[in-house]
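**Student:** Sequence:
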Amino acid sequence: MKRPLRIAILLCDSPLYLTAEKYGSYGGVFKALLERSTESLKNEIPGIENGLELTSWNVYQVEEYPNLEDIDAILITGSRFTSYDDLPWIKKLVDFTKAILAQDRVRIIGVCFGHQILGRALGLPVCRSEIAWETSVTPMSLTPTGQFLFKANLKPNMLSLMQMHRDIVRVEGSELPDGIENLGSTDVCQLQGMYKKGRFISVQGHPEFTPDIVKEIVHARTEMGIFTKEMHDDAMNRLWDGHDGIAVGCAFLRFLIK
Numbered sequence: 001m002k003r004p005l006r007i008a009i010l011l012c013d014s015p016l017y018l019t020a021e022k023y024g025s026y027g028g029v030f031k032a033l034l035e036r037s038t039e040s041l042k043n044e045i046p047g048i049e050n051g052l053e054l055t056s057w058n059v060y061q062v063e064e065y066p067n068l069e070d071i072d073a074i075l076i077t078g079s080r081f082t083s084y085d086d087l088p089w090i091k092k093l094v095d096f097t098k099a100i101l102a103q104d105r106v107r108i109i110g111v112c113f114g115h116q117i118l119g120r121a122l123g124l125p126v127c128r129s130e131i132a133w134e135t136s137v138t139p140m141s142l143t144p145t146g147q148f149l150f151k152a153n154l155k156p157n158m159l160s161l162m163q164m165h166r167d168i169v170r171v172e173g174s175e176l177p178d179g180i181e182n183l184g185s186t187d188v189c190q191l192q193g194m195y196k197k198g199r200f201i202s203v204q205g206h207p208e209f210t211p212d213i214v215k216e217i218v219h220a221r222t223e224m225g226i227f228t229k230e231m232h233d234d235a236m237n238r239l240w241d242g243h244d245g246i247a248v249g250c251a252f253l254r255f256l257i258k
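Letter 163 of the sequence shown, counting from 1, is numbered 163 in our numbering, and no numbers are missing.
I should point out that these hints are in silico values taken from the structure, not numbers from a laboratory. Source: prediction; values computed, not measured. Check each hint, because a few of them may be wrong.
The following label-pair restraints were derived from C-beta to C-beta distances [said to hold, decoys possible]:
1. 42 with 62: 32 to 42 angstroms
2. 229 with 62: 21 to 31 angstroms
3. 225 with 129: 13 to 23 angstroms
Below, a list of computed lysine-lysine pairs in the DSSO-like style, where the Cα atoms sit at most 30 angstroms apart [unchecked claim]:
4. 197 with 91
5. 22 with 98
6. 22 with 42
Note that CB positions come from ideal geometry on N, CA and C, so glycine has one too.
Could you build the full structure based on these sequences and the hints that come with them?
**Tutor:** Laid out in structure tokens, this is it:
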């Protein structure tokens with residue numbers, strides 16, 4: 001690596017109290033994920049642990065954005081907001097994502113809401129799932145591309161991720177534009193990730209979430225009446241099942257470097 005890889009984390013929300021107390025912002029949550037992922041990749045990519053330069057940009061409150069000349073990639077975080085709303089800051093984020101798609105150097109990582117924003121920028125339909133919420137640790141079936149990128153050798157064809165969403169990028173069959181590949185699917189969400197070589201990678205799940213982060217969100221949404229007691233109990237029962245966030249974090253870094 002000739003220079004630090006400059007990743008701009010676009011903050012689309014703020015974490016709840018306990019998560020904020022530990023990590024500061026979702027930028028801190030992703031920093032923790034990427035640090036754990038670089039540790040896993042030290043033997044595969046020598047020097048990677050010293051090769052990342054992370055900055056955070058609050059795009060949902062103050063609408064601050066990096067100059068493309070100063071970065072190598074953006075990472076669009078999750079959010080409690082609805083990705084297909086036409087709030088000014090969301091429209092600006094979609095336009096910024098379109099601008100990056102229109103050039104060929106700066107790459108894109110999208111996570112949950114960020115995955116949906118990327119889908120919207122690509123002209124794909126983004127909507128509320130007619131089936132259900134997906135929460136807590138959820139297994140997905142991987143496509144061949146997903147298996148390759150996530151190196152899912154221990155659990156062939158499968159990957160488990162934390163989930164926290166009702167909105168989806170909707171596709172049926174092979175409706176993705178040419179050159180874009182689906183990474184996996186569940187019964188609730190047929191497009192669990194998107195990939196275009198050298199351009200972008202996204203996941204609907206949350207590789208950055210820990211059980212404690214999800215626990216806080218589930219409790220809060222139950223108290224607000226968003227989740228029923230049954231949904232709460234179901235999510236909590238799966239909370240400590242193993243999930244593959246580090247495998248996805250490693251895939252993000254390989255995508256950016258190789």
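**Student:** Between residue 197 and residue 91, does the CA-CA distance stay at or below 30 angstroms?
**Tutor:** 26 angstroms, holds
**Student:** For the pair residue 225 and residue 129, does the Cβ-Cβ distance stay inside 13 to 23 angstroms?
**Tutor:** 19 angstroms, holds
**Student:** With 21 to 31 angstroms as the target window, see if residue 229 and residue 62 comply at their CB atoms.
**Tutor:** The hint (21 to 31 angstroms, Cβ to Cβ) is violated, given that residue 229 and residue 62 are roughly 38 angstroms apart.
**Student:** Lying within 32 to 42 angstroms: is that true of the beta-carbon distance residue 42 to residue 62?
**Tutor:** Since residue 42 and residue 62 have Cβ atoms about 36 angstroms apart, the given range 32 to 42 angstroms holds.
**Student:** Does residue 98 lie within 30 angstroms of residue 22 when you go C-alpha to C-alpha?
**Tutor:** Judged against 30 angstroms, a Cα distance of about 33 angstroms means the pair is violated.
**Student:** Checking one constraint from the list: CA of residue 22 to CA of residue 42, max 30 angstroms. Satisfied?
**Tutor:** The hint holds at about 26 angstroms.
Of the numbered hints given earlier, the model fails hints 2 and 5; all others are met.
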